[in-house]
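J.: Sequence:
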Amino acid sequence: MASYIDIHKERPSRPEESEPLNAFSPSSSQSSSSSPANSRPGTPRPPPLSPLNPRTPLEPFEIMDTPLLDTHPHSPPTVYTSRHRRTVLLCILLEVFIIFSFATTSLPFTRIVENSVCQRWYEFENKNQTLIDEGRKGGGRFMPDEKLCKTDEIQAGVVEILGVSDTISTVVSLLVMFPSGFLAGVIDRRAFLLLAIGETAVGLSLMGFIGSNPLAFDPRLFWVIPLFDLIGGGFTFFGIMMRTVIAENTPKDDLAAVYYKLTGFNILSTFLGTTLGSWLMGIISPVKVLYMGVVLFVVLSVPTILLLPPALPEKEKNMYDDIRSSQYPETADDNDADDEDTTAAPRRKATLYQRFLEQARSKTNLYASVKTLLFEQRAIRNALVILFLNMIARGVRIPFQTWVSKRYSWTLSKTGIVLSFESLMGAVVLLLLPFAKSKIERVVSGKGSLWRKLRFPPDLMIATLSLVAQTLSAILLTVTASEFFLVMSLVVNAPARAFFDGLRSHCIAQAKESEIMIIHMAFVIVEIMSGILNGPLWIKVYAFTYSEGNVTGLGMGLPFAICAVLTGGIVAGMGWARGNPKF
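Residue numbers for the sequence shown follow UniProt numbering, so the first one is 1 and each next one is one higher.
Since the hints were made in silico from the structure, they are not lab data. Glycine included, each C-beta is placed from N, C-alpha and C at the ideal position. Heads up, some of the hints might be wrong.
[Stated by the list, open to error] Simulated pairs of lysine-lysine, DSBU-like, Cα-Cα distance not exceeding 35 Å:
#1 LYS147 with LYS288
#2 LYS414 with LYS540
#3 LYS512 with LYS147
#4 LYS512 with LYS261
#5 LYS288 with LYS439
#6 LYS439 with LYS512
#7 LYS288 with LYS261
#8 LYS512 with LYS288
#9 LYS261 with LYS147
#10 LYS150 with LYS288
#11 LYS150 with LYS540
#12 LYS439 with LYS261
#13 LYS414 with LYS150
#14 LYS414 with LYS147
[Unchecked claim] Pair ranges (Cβ atoms, derived):
#15 LYS439 with ARG220: 28 to 36 Å
#16 VAL491 with LEU221: 34 to 42 Å
#17 VAL491 with VAL299: 29 to 37 Å
#18 LYS540 with PRO434: 25 to 33 Å
#19 GLU483 with LEU89: 39 to 47 Å
All chains should be modelled from the sequences, with the hints used to inform the complete structure.
T.: Following this line, the structure appears as structure tokens:
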């Protein structure tokens with residue numbers, strides 16, 4: 001017992017918010033006995049520890065009184081109340097449902113665009129009467145076979161439609177990000193999410209209507225669809241809101257593991273949605289599959305949104321206060337004890353997001369925060385540069401489905417099923433990654449370890465290895481057109497999905513609690529800015545690849561050769577983002 005008391009005497013002072021917990025320790029009991037004025041008469045004191053009266057894991061202070069609080073004095077304890085668990089699980093479920101629905105409609109949309117470009121090209125450009133008459137034998141309008149749509153001219157048009165649409169979508173996302181965040185803090189968050197669901201469903205339905213009448217509507221009308229996101233924020237707003245609420249309700253030390261698992265679930269839902277959409281395209285028309293995806297989107301998302309926490313409480317509390325008041329009600333103020341209940345509804349707005357917007361209203365505070373991140377913390381600044389360059393490199397995959405379909409003469413339905421295998425492998429990697437992270441940390445910090453010599457923290461090591469996998473996959477797609485090596489490249493590229501969460505977790509570990517939301521917003525802004533450049537850049541690359549002027553000798557592997565060079569250069573510069581790790 002003496003050694004136990006000595007250990008607690010030697011510990012540094014704890015933050016003020018954990019003072020109620022110190023009332024249970026022997027050192028605090030001694031100090032309180034010497035200062036009666038500061039003692040709480042209602043606070044029970046545990047009996048002296050002895051072999052006959054050992055500590056039990058049921059005592060509340062046992063969970064809180066761990067060395068983790070000394071090493072991370074400003075981090076909330078890794079104990080969740082039921083309302084925080086419920087909020088996090090609902091956010092994860094909502095994001096998984098949304099991604100599943102979007103994955104179901106992704107391949108049908110590509111096929112609708114391809115059919116529109118193809119049909120108009122044969123009707124108005126090529127005017128091949130033999131093919132037109134052959135297609136109209138059934139008495140209907142000409143519907144070209146999918147194999148006839150794999151020509152260079154048609155595929156260049158498809159890439160243009162997809163690339164410009166992606167660029168417009170990213171520009172709109174940048175325009176609505178801050179207004180959407182402000183309205184989400186003023187209006188009920190559930191109502192705003194329902195508005196976003198509604199405008200997205202209307203946009204997808206209009207997409208199906210345009211695609212079902214390709215001769216009446218120019219395919220460039222598809223560029224109007226992303227403008228609907230000006231109303232409700234669209235998919236980008238969904239991602240920001242869900243990640244923000246999860247960050248609010250999860251301790252900082254556990255946030256990286258939660259994000260890895262969330263990305264794993266998202267990729268798994270992408271696999272299931274893509275597989276379902278590809279399979280249905282072999283049975284019914286892509287327009288019907290698109291409408292089916294819209295119905296799934298609404299049916300799965302709306303009930304989940306309605307289960308989210310409702311209106312703003314009169315008095316906001318952070319997660320640490322919730323846990324403390326639920327475990328130690330005698331430490332709460334009398335007014336709080338009367339007004340607050342441990343089973344009360346969780347917070348309704350994204351407070352971290354609101355804090356960022358409040359800083360935005362005060363230019364001085366926002367400037368100080370951004371200056372601290374970008375100029376005083378070079379590791380975070382360099383990580384954002386690395387993220388931007390990698391997003392440019394990954395833009396090669398914007399028309400990846402049509403590229404694979406053309407190169408291997410596959411239907412888009414078969415292409416989608418094959419490419420979904422990559423999503424499945426990526427989901428497995430990310431879901432297993434949190435369980436292997438402790439082993440990774442031992443490898444990184446072990447004596448003689450290459451990563452220790454390079455001074456790479458575990459999350460940065462994961463991001464670096466992900467880039468290596470992405471580089472090897474691009475090399476395989478460059479040097480060979482074999483179907484076997486295509487599958488091998490998909491397997492090799494599966495771990496590349498961990499790059500974003502690895503780099504984000506590394507940046508969060510370098511920042512303070514108050515800067516987490518700014519990092520999230522910075523990542524989103526960088527991704528959007530790179531998306532604005534990706535469309536025009538890769539449209540030119542693919543147009544040159546499909547043209548007769550492509551005399552590089554790489555053929556259709558040219559885009560991935562460029563991607564491999566860019567990614568390899570990023571790997572060489574990953575050390576700039578390592579910060580000052582301590583082993």
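J.: Please list, smallest to largest, the hint numbers that this structure does not respect.
T.: 3, 5, 8, 9, 15, 18
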